[in-house]
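Asks: Residue strings, one per chain:
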Amino acid sequence: MAPSLPPIRPEDEAAAARLRSHGAFAPRGGDPQLSAKQALCLRLGDDALILGQRLGEWCGHGPALEVDISLANLALDLVGQATLLLSEVGDGDRLAFHRDVLDFENCLLVEQPNGDFAQTIARHLLYSTWQKMFLQGLTRSGDQFLREFAAKAVKEIAYHRDLASDWTIRLGDGTEGSARRMAEGLDWCWRFVPELFEVDATLKAAIDAGIAPDPSEFEDEYRSAIAAVLAEAQLAVPADQRPILGGRRGHHSEHLGHLLAVMQFLPRTYPDAVW
Amino acid sequence: MSGDWPLWEVFVRSKGGLAHRHVGSVHAPDAELALAHARDTYTRRMEGVSLWVVPSAEIVASDPDHAGELFDPAESKIYRHPTFYDIPDEVKHI
Chain A
1 MAPSLPPIRP EDEAAAARLR SHGAFAPRGG DPQLSAKQAL CLRLGDDALI
51 LGQRLGEWCG HGPALEVDIS LANLALDLVG QATLLLSEVG DGDRLAFHRD
101 VLDFENCLLV EQPNGDFAQT IARHLLYSTW QKMFLQGLTR SGDQFLREFA
151 AKAVKEIAYH RDLASDWTIR LGDGTEGSAR RMAEGLDWCW RFVPELFEVD
201 ATLKAAIDAG IAPDPSEFED EYRSAIAAVL AEAQLAVPAD QRPILGGRRG
251 HHSEHLGHLL AVMQFLPRTY PDAVW
Chain B
276 MSGDWPLWEV FVRSKGGLAH RHVGSVHAPD AELALAHARD TYTRRMEGVS
326 LWVVPSAEIV ASDPDHAGEL FDPAESKIYR HPTFYDIPDE VKHI
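Which chain is which? The protein sequence lines are A and B, in order.
Residues in the first sequence are numbered from 1 upward in steps of one, following my numbering.
Residues in the second sequence are numbered from 276 upward in steps of one, following my numbering.
Read the hints as simulated data drawn from the structure, not as lab findings.
One or more hints might be untrue.
Unchecked claim - DSSO-like, lysine-lysine: derived pairs with alpha carbons at most 27 Å apart: (1) A/Lys152 / A/Lys37; (2) B/Lys367 / B/Lys352; (3) B/Lys290 / A/Lys152; (4) A/Lys155 / B/Lys352.
None of these values were measured; they are calculated from a predicted model.
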């Protein structure tokens, strides 16, 4: 019987040797080639891209046709934002489709799997509430592009946050089953919230340059806003867990690689494909 | 899931000054989400500036069996059409 895998040839080993550094968690202090503004655009762009891709995974699988369209709309808003942001850093398509896991700087929350609809809504409530507050701060950025971007995006995200709140309340204050799923979805996502408020060197540089808001200044407001939605949803605020950090430095959960494999397959396999 | 949800009729005002027009329907568990679903389904290409949703069950419809007596008498009453007036060019949306 023929072996199921081809033999490893010397040229394969040579190719692998050239990739030796890949897969290692090298410390990354941000790309020194990037300005403070570009570094900020990269992480916000990665957040939007990855969350957009995640929501896009619902396409054709939504619990109802109308919800399917809702989630696709949210996804398209985010992919549009990612396009604008990543284009400030370089070639947006190359950044989206030709980087590997360790080079993505999105927060861990947005790459978490969709789970069931309640878990998706939990993730979206937690992220869009943060994103809206961050964008509101960004409308006062010292940088014109960031100001204009934020003014446009904050309207989109205000809707995301309203929709996520509406669904959280309906699922939490719904049936026993929907309330349990909503609580489980929140529990899954809760440990990734502290990362949203981490001020690392890259963000500090942007704050010091007067182009980005300091998220630690709206953390109390954020927690109150989430608590208000959960109270209306008859849900308890989840207990704080050990925070998981590292997405901004490229230390991702195992879920991101699978997401990228799907998202990047076509342009990597058919580099000349156009649409 | 959507099988359990009531149907809502959706009306979109395409721009200020025009009437809301019926564009279709959505399923939704309540009025607020019906508006959200209508927004996401029918206004994603800038089709509107205002939305109405109405529970489909609240629509009172004429009986198709009575269409003859209701509508046929309006045939051949050409004098009911305002086609004998010249509309000034400045008057839009007629």
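Asks: Hint by hint, note whether the structure agrees.
Replies: Structure-based check of all given hints:
Between A/Lys152 and A/Lys37 the CA atoms are separated by roughly 18 Å; this keeps the pair inside 27 Å, and the hint holds. Restraint check for B/Lys367 and B/Lys352: satisfied, since their Cα atoms lie roughly 25 Å apart, inside the 27 Å limit. Annotation: proposed proximity of B/Lys290 to A/Lys152 holds, straight-line Cα distance about 21 Å (limit 27 Å). Under the criterion of a C-alpha separation no larger than 27 Å, the hint pairing A/Lys155 with B/Lys352 is inconsistent with the structure, at around 52 Å.
Going down the numbered hints, you'll see the structure goes against just number 4.
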